[in-house]
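Read off the chains here:
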Amino acid sequence: MLAPLNYIQSLRFTTDVSYFQFLNRIHDVELSLSSHGLWDVPHPWLNLFIPRSSILEFNTKVFKQLINQDFSGPIVVYPVNRDKYVFMKNLLQISHPLLHFFLRTQLLVFQPCRFFCFLFDSNSNFPCRWDNQASAVIPEESMFYLVAFLRNALPSSGPSLKSQMDDNSKILSMCHDISCKQYFPTYNNPAQWEQHFGSQWQNFLELKQTFDPHAILAPGQNIFQRNQILASPS
Amino acid sequence: MKILSILYVVFLKPGKGELVICSPSKQPELFFAVLGGLGQFGIITNARIVLESAPQQVSEFRPPSCEELVGMEKLALRSDFAGVRNCSWQLLTTLKLRGTFDFAMDSFAGCLACQVRWIRAIYTDFQSFTRDQEMLISQPSTTETFDYVEGFVIINNDNPFNGWKSVPFAPEQLNRSMIPEDAGSVMYYIELTKGFDSIDIHAMEQVRIIFLRLAFSQRILLRKNLENENTCQHLGITSLPTNLNCMCTYGAVGNPCRKWRRCSHP
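In order, the protein sequences belong to chains S and D. Per the numbering used here, numbering through the first sequence is continuous, rising by one, with the last residue being 234. Per the numbering used here, numbering through the second sequence is continuous, rising by one, with the last residue being 500.
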């Protein structure tokens, strides 16, 4: 299965571990970082979905130019098939905090590809037509990349939290040109949210009208104001 | 063991007030709206999650037959150095077969339960890296492929957390001289796993038996050195009285099941 891959032949590393050990691998990282006092530090993380057509440009402009020698923390990059991803990603944006935390942890710990294959190969109850009905926002293309800058702001060395957050904004401003979507965005006004949702905005509005017409829930997201009278869907 | 697979049903209190149970087939509009819905449509009070079976345990290890034990002994006798011959002969003749087997099992019980082959491979060229990743996630479901595919960007320095040192499973497997000259400021690596239960079981079994034989005779050698000549403080790391390549355990006596690596002794 490795034969078609074009990695540098002398730079392949292999180990055999128990299944549990693999699933639990982040725990080992946690222990190692904790012992160096590097776990309970601020994490100015940035998660992006980049359309496949823009990933080479992203590499040139961000990975090669904006990532310095003192960048601290891992950078994750892998492609996802849109049809296999939609359902899983939706799970990760569920608003219930505990469930959300749990699922978010699973994203790091479990095996995305295995999930997707399991879900869509063996379960025909979840066809791709749900793409347009779900609330989550991902790029339009059939394949896109998840890029995660999982930085830590170290207390004593390396770039400050402020400068890391500035870096994040720099990356984000780059992204406007290549129509990527931020995962877990924070916006301050409905106009920005409307831009984030793009073509899904109208649908999102209609769902809100149907299920929470008085805009009671989650006003803190700054999408709708509580008790705002929502315009009837056209 | 079961692992979380997919959310299946949510019990939801929508903004309108009543408690609703929804799933992909029951009230699907609300079910999907709430996924990625940023808390705008309801409060999830309960959720049901489908679990997926973990890869099966590798079946109980079968004790080697008499023929296999004789095979191990022959293997040991073929070795070029006296230590193995004397030691293994001594052990095989003084210990009962069952006891010998337990001795081997003691060393390798952990390894025999290994179930995931975990691979990382470095790229300097981003296009090759993404092309390979895309190929790996686009395989038809009928093709045997990896269970897990991810990728990382690493900085071209020796930082243990995100430089090239973070890639190998044992730090000494990679040093600066091995980094290609054309590598830029960043490099990339692909991370893959494959559960053993879905690889060709027969092939794995063969590997396992061969491995056991090798490990077995070597272990005897190490034990002899340790007990009789008192030259090894830690199994196999140093002080083997031989100039041959050998498989060495990587760990202390009390914790023998570690990675195996090939090492050479001057």
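It is possible that some hints are incorrect.
Claimed, not checked - Some chain S residues close to chain D (C-beta under 7 Å, calculated; not the full set):
no. : residue
1   : TYR7
2   : PHE22
3   : ASN24
4   : LEU66
5   : PRO74
6   : VAL77
7   : PHE197
8   : GLY198
9   : TRP201
10  : GLN209
Claimed, not checked - Okay, the calculated beta carbon distance ranges per label pair:
no. : chain 1 : residue 1 : chain 2 : residue 2 : range
11  : S       : GLY158    : D       : ASN409    : 35 to 45 Å
12  : S       : SER157    : D       : PRO262    : 19 to 29 Å
13  : S       : ASP166    : D       : LYS260    : 44 to 54 Å
14  : D       : ARG365    : S       : GLN225    : 45 to 55 Å
Stated by the list, open to error - Interface residues of chain S toward chain D, partial, derived using beta-carbon atoms under 10 Å:
no. : residue
15  : TRP45
16  : THR60
17  : TYR78
18  : LEU161
19  : LYS162
20  : MET165
21  : ASP167
22  : LEU217
23  : GLN225
I should point out that these hints are in silico values taken from the structure, not numbers from a laboratory. Backbone N, C-alpha and C define an ideal beta-carbon position, used for all residues, glycine too.
Exercise for the section: Could you tell me whether the CB distance from SER157 (chain S) to PRO262 (chain D) stays inside 19 to 29 Å? Expected result: violated, 51 Å
Practice task
Verify the interface restraint on LEU217 (chain S): the C-beta must sit less than 10 Å from at least one C-beta of chain D.
Solution key: holds, 5 Å
Practice task
Would you check whether TYR78 (chain S) satisfies its interface hint, that is, whether its CB is within less than 10 Å of any CB in chain D?
Solution key: Hint holds; TYR78 (chain S) Cβ to chain D Cβ min 5 Å, cut 10 Å.
Practice task
Using Cβ atoms only, decide whether MET165 (chain S) comes closer than 10 Å to chain D, and label the hint accordingly.
Solution key: The hint is violated - MET165 (chain S) has no Cβ within 10 Å of chain D, the shortest such distance being about 19 Å.
Problem - Hint check: 7 Å Cβ-Cβ cutoff, ASN24 (chain S) to chain D - result: violated, 11 Å
Exercise for the section: Could you tell me whether the CB distance from ASP166 (chain S) to LYS260 (chain D) stays inside 44 to 54 Å? Expected result: holds, 47 Å
Practice task
Have a go at the LYS162 (chain S) hint: is there a Cβ in chain D nearer than 10 Å to its own Cβ?
Solution key: violated, 21 Å
Exercise for the section: Return the status of the interface hint for PHE197 (chain S): holds when the least beta-carbon distance to chain D is below 7 Å, violated otherwise. Expected result: With a minimum Cβ separation of about 10 Å from chain D (threshold 7 Å), the hint on PHE197 (chain S) is violated.
Handout entry: Pairwise beta carbon distance, ARG365 (chain D) to GLN225 (chain S), judged against the given window 45 to 55 Å
Key = Cβ of ARG365 (chain D) to Cβ of GLN225 (chain S): about 47 Å, so the range 45 to 55 Å holds.
Problem - Restraint check, 7 Å cut-off on beta carbons, for GLY198 (chain S) near chain D - result: This interface hint is violated because 14 Å lies over the 7 Å limit.
Practice task
Using Cβ atoms only, decide whether TYR7 (chain S) comes closer than 7 Å to chain D, and label the hint accordingly.
Solution key: Since chain D brings a Cβ to about 4 Å from TYR7 (chain S), closer than 7 Å, the hint holds.
Practice task
For the hint on THR60 (chain S), just tell me whether its beta-carbon gets within less than 10 Å of chain D.
Solution key: holds, 8 Å
The structure is inconsistent with the numbered hints 3, 4, 7, 8, 9, 10, 11, 12, 15, 18, 19, 20, 21 and 23, although it conforms to all the rest.
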